[in-house]
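A.B. asks: Spelled out, the chains give:
4 protein chains.
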Amino acid sequence: MDFGLSPELAELERRIHDFVAREIVPLEDDPRQDAHGPSRELCLELQRRGKEAGLWSLHAPRQYGGLGLSHVERAIVFEAAGYSLLGPIALNCMPGEGDHHMLEMIATPEQKDRWLKPLLDGALKSTFAVTEPDNGAGADPTQVMTTARPDGEDFLVSGRKWLITGYREAAFHIVMAQTEDAAGARLGATMFVVDAGAPGLREIRRMDMLDDMFPGGHSEIELENVRVTRDRILGEIGRGFRYAQVRLCPARLTHCMRWLGAARRCHDIAVKYARWRRAFGKPIGEHEGVSFMLADNQMDLHHCRLAVRHACWLLDQGEEAREESSMCKVYCSEKLAQVVDRSLQVLGGIGSSNDTAIARIYRNIRAFRLYDGPSEVHRYALGRAILKG
Amino acid sequence: MDFGLSPELAELERRIHDFVAREIVPLEDDPRQDAHGPSRELCLELQRRGKEAGLWSLHAPRQYGGLGLSHVERAIVFEAAGYSLLGPIALNCMPGEGDHHMLEMIATPEQKDRWLKPLLDGALKSTFAVTEPDNGAGADPTQVMTTARPDGEDFLVSGRKWLITGYREAAFHIVMAQTEDAAGARLGATMFVVDAGAPGLREIRRMDMLDDMFPGGHSEIELENVRVTRDRILGEIGRGFRYAQVRLCPARLTHCMRWLGAARRCHDIAVKYARWRRAFGKPIGEHEGVSFMLADNQMDLHHCRLAVRHACWLLDQGEEAREESSMCKVYCSEKLAQVVDRSLQVLGGIGSSNDTAIARIYRNIRAFRLYDGPSEVHRYALGRAILKG
Amino acid sequence: MDFGLSPELAELERRIHDFVAREIVPLEDDPRQDAHGPSRELCLELQRRGKEAGLWSLHAPRQYGGLGLSHVERAIVFEAAGYSLLGPIALNCMPGEGDHHMLEMIATPEQKDRWLKPLLDGALKSTFAVTEPDNGAGADPTQVMTTARPDGEDFLVSGRKWLITGYREAAFHIVMAQTEDAAGARLGATMFVVDAGAPGLREIRRMDMLDDMFPGGHSEIELENVRVTRDRILGEIGRGFRYAQVRLCPARLTHCMRWLGAARRCHDIAVKYARWRRAFGKPIGEHEGVSFMLADNQMDLHHCRLAVRHACWLLDQGEEAREESSMCKVYCSEKLAQVVDRSLQVLGGIGSSNDTAIARIYRNIRAFRLYDGPSEVHRYALGRAILKG
Amino acid sequence: MDFGLSPELAELERRIHDFVAREIVPLEDDPRQDAHGPSRELCLELQRRGKEAGLWSLHAPRQYGGLGLSHVERAIVFEAAGYSLLGPIALNCMPGEGDHHMLEMIATPEQKDRWLKPLLDGALKSTFAVTEPDNGAGADPTQVMTTARPDGEDFLVSGRKWLITGYREAAFHIVMAQTEDAAGARLGATMFVVDAGAPGLREIRRMDMLDDMFPGGHSEIELENVRVTRDRILGEIGRGFRYAQVRLCPARLTHCMRWLGAARRCHDIAVKYARWRRAFGKPIGEHEGVSFMLADNQMDLHHCRLAVRHACWLLDQGEEAREESSMCKVYCSEKLAQVVDRSLQVLGGIGSSNDTAIARIYRNIRAFRLYDGPSEVHRYALGRAILKG
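Chains as they are written, first to last, in the working numbering: chain A, 1 to 389; chain B, 1 to 389; chain C, 1 to 389; chain D, 1 to 389.
The hints are simulated quantities; they were obtained by calculation from the structure and are not laboratory data.
The list treats identical chains as interchangeable, and a pair is accepted whether it falls inside one copy or across any two copies.
Straight-line distance between alpha carbons at most 25 Å, and here's what the computed DMTMM-like set of lysine to aspartate or glutamate pairs gives:
no., residue 1, residue 2
1, Lys-51, Asp-30
2, Lys-51, Asp-29
3, Lys-272, Glu-23
4, Lys-282, Asp-296
5, Lys-388, Asp-140
6, Lys-388, Glu-13
These numbers were taken from a predicted model, which means no experiment stands behind them.
All chains, please: the whole structure from these sequences, using the hints.
C.D. replies: Shown next, in the form of structure tokens:
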């Protein structure tokens, strides 16, 4: 058993931490951001800085210019990046990192050249379009109502999707749809690549959300007989949910990593504040009412970090780690949100202002308990697995 | 012992509830709102509707056109108003209701005519300016650094304040300052009324906050030798903190009342959603993972309501109820926030959007655990009182 | 609305409190107790003291020598009695108080003379035998497997029961059984009175339990064709579960009352200890890590008390109060156990010794979250009711 | 990074698990146990079985016949042993294991032969006597009131100690005392070895406790001028608290390991029960109200295990790991107790009986949050370390 980092990885972590502190944190107050996230211009500046620092797309396979990071290595790198909400954009590990992984796993060589390479270069962005309004796909993805019906060699995809993150910034969309054959028989769900601007595809609205960190925000969209050719099918027809799992297990963990960094940031701010701010005759950090919150923060950060690294290690061993990644997701999304909440509480009134990074992280981390499966769905799945034994 | 409402009060509650549902809730999507709260125009429309419905300033003394509501009656009325974040504005019970109460308790008849009457009419707005930057007044109000130094018959007030709610909308400000006599001896804290536009008073900035429900938002301001005449002193010199307590005990409770209404709103939305939304083969409300959250919501709402009404009843008996109002504040600010959080969780991804009222309430209720004393300060005070016995 | 106590009730509360402190608390170390509760002799001494103090069976109807206490009055009286685990025995409000209430509601006049009167006099004890081994009745009482089959005019009752509290001390047992008619058709569950010593009734074993406060402990028993005559049926055939509800709603509340008293006892011990015990340079009560626990205790005690009294008031108004009594049971069983747990924690190592009353209360209160419906069953029922609307 | 076990260690774990299941679990109902723990005879039988299985004192250094287990290896071995409360006795890893470690670290070769060797052989038992009544040593060990005054070459030790675990079974006691020189100057605390039966040493009483797993129970004792010769001093005079830390960091972790095993046991029982027991139409494990508890159990067990192993690994690297062992202690003592509590709750009423191992574990694990520093002391220390930075 070995919990240590190699000197190279420790050095990489330090480099990223310095980069984020020096180059990215100051951009957090950049006005090129609104309720729908950082603007395209700001994202390009982040990309430029990441590339200049030699930190862009480190997770990419070596043939695409990355370091081919293992999952454990990602745990270190992405946590360091997450210290600022803008950090992962500068390293190209959010948004889209889940799509990168999935394409790497299931796309054909041609598809990789066409879509994965430019994603990793930063030339393109993608979306992963599963969630639907009207009692369609959500916590239970099998409720997908969007359909794909054959039309000659092609498919016509129709339906509605919402909570589609980064829609306006994306060059293409990976759309999950229930697929039928010519006779109307159900073949299962399939993932189709739909280009931005495809005839029949339109944005119904951009949604107003609690979170504001994702470039492009979130959209509700409609597909009306959007034609998709065979070469735009990812993997095999009917295996869409299975591929989604391929994407989701590691994607859940990368969320945990980035939020770990963000929660650590809040904790650091709270510690600094607790040393300085005085009340009732001494620094508030000398009040146990405050110092116990800091102790709990440190414990939660520590245990989340161990859980993430362990699950990553399992993935690196070739295991599916479904239960471990579910446990990690539940635990991190709940505990890290508490770390952020306590940090805000330590700052008192000023904690709910944008004078520090905490308030924004507070708003944004709330959604982490919802996306990639709300806690309840993971507990449901874990419970069933336990009962089955 | 009697937990019942009089028929008149029950009828009033019903009327307010209907008014809020029919007239106010539809205004929640009104575009005349931004990150710094509803605009002056929207507030005036809310005021107009409240007055037309005969529900404006019900808590005002009868000589000022109100019903002279007891504290228990306020508990019923303000909860009903709070069902929409805009409801209390339409009933004139937020913001400013704490100032109304304090002025009623400590102002001279002349001062009441000058300031209380127009506040209750809706002609003016006020702020309560205590909190300060730079290790000044906050959770520990005795740390006030703003000073008032005599200059002939007048005082010159100097200092900085922040988190001053509604500054831009207010016609006057109640400013807490450490007061000295001509010899520089400390006389204690005093409350001074400073008019908007007074020479030496200026806004440094408007603050960006997690909450967005208070008209005018929150400002950081500076006072530089602002001249205040004797007739603008509230109560006696040096008794400012004591008056603040007069204001705070009931003010804490009225926050609890309004947030009780808002939390109930979220719960109602969650219940409706849980009946409709399906996952894994049945309405999500039939999953215990969801229905247990709803049960916990109902319990918390019920117990918070009992606690509020009990503390109000004590105030109505002429008791100070300091411990009870502290307990109420801690309990309601923590439990009602959980009700809102669970409601959001029930809705899943869409809960973090502005498609329902929940996400906005979620953001705004966070500050409730901070203002009027964070939980830690109340627990600290309660603990000391328990130890003293 | 009125949260006040009448002077008479306040005086009665004071009297009971004094009685328990002076006469009962010293008996807590009496050696006539073991893992199966206080012995018969000790119970008789408690009964004698309660009678001499004029505090025996206060809840009994006036025609049976009691005060005919309302539910709200019971809330005050039983909490005061519960300050010692032995107090309720001295006031005859535990065990058996649930049976008293049920018999008063559903027994015929003859049955009341035969069973209720001596129970209230202290001449007899009863058990309420519902719970069963082998996937029989438990959290879901409808799973009763014990049967009652007609045999001429009589019934023959057969089955197994366990967790039967006070079996060895009881003169008769109220046994729930699935009832059939002569043709074998199911008539529903019925309650039968079975005398101690009835042929076919035997104790399989006395069970070793976490709790040790109930006289006689808990037994597993067997009934084999126990003959029951018609006059021993309580209420109508087939309505057993409905009567059980009649018993359970108030019975749940009286558990809450008594445990409220016991939890208050623990809190009082913890407060006293926190004033005396020193660590790290000052009394531990001056450490917020301790004083916050005491503040939380006080809040939980206060809110539980309000909840109990409110539910009682509803019962006094003639309402069924099923949801309120469920909420009360969940809330009190969870929160009061936390009060006890925190009190133990305040005392540190010595808290887990029998040097104070806390450790014993800690052991005993655990079962409160299980009997009369575990929290999960109440949340399940509450959730269903909420969904139904 | 490597979270894997070597094949040898995995095999050892399996062997211990089998041994405990086959040889030790059946002894749990052995009548040779009472409120003060398993009797000497039962302990000897456990020792015999452990030796026959080749599992006795595996943690001992190789020169004393053990495997010289690293801390990480202990984590695996002790968790497996802890699956039964009697398991650690059979492996000689409780009680006394903390003393073994401390003696190994600080005793002279002669002292090791005299005391450590027979402890590891199972010929002798020891106690660690620090805690005192009367506002003496406890959570704050520096409050030691027991004194050691020089008398010629010897010391005379006087004072009172309580909560001394295993006093009646021990051949010698390691007594912490404030040491003075001949002039009465304070030299700091020192650890003295006092033999059972030494003149001046006596037991005041055996204490009644919530826990019942430690052989010999817990005693209150008195030392009155107990003569101790120089060769009976452990380490240097005045460094007692420092040595106690040497003992406490790993000792805390070994408690975590054993309780991890015990909590896992409870979880396993609950899972099995949840599969079998039916309520409301299906196995209770298919109710999310139950399965979510099982999911939380699994998460807590998993994260506690990771935390323990990580802290052990740090110790194995030669680090002091004070913060990590504190975090581990707080986290495990709180979370594992919740695992046990939830397991009990899953079983309902029968969970509070001794029909399964849960109730006993429930009672015993409560003290884990108290000994080796209550949670509050660890949070206090962690908070101070965080503030200091």
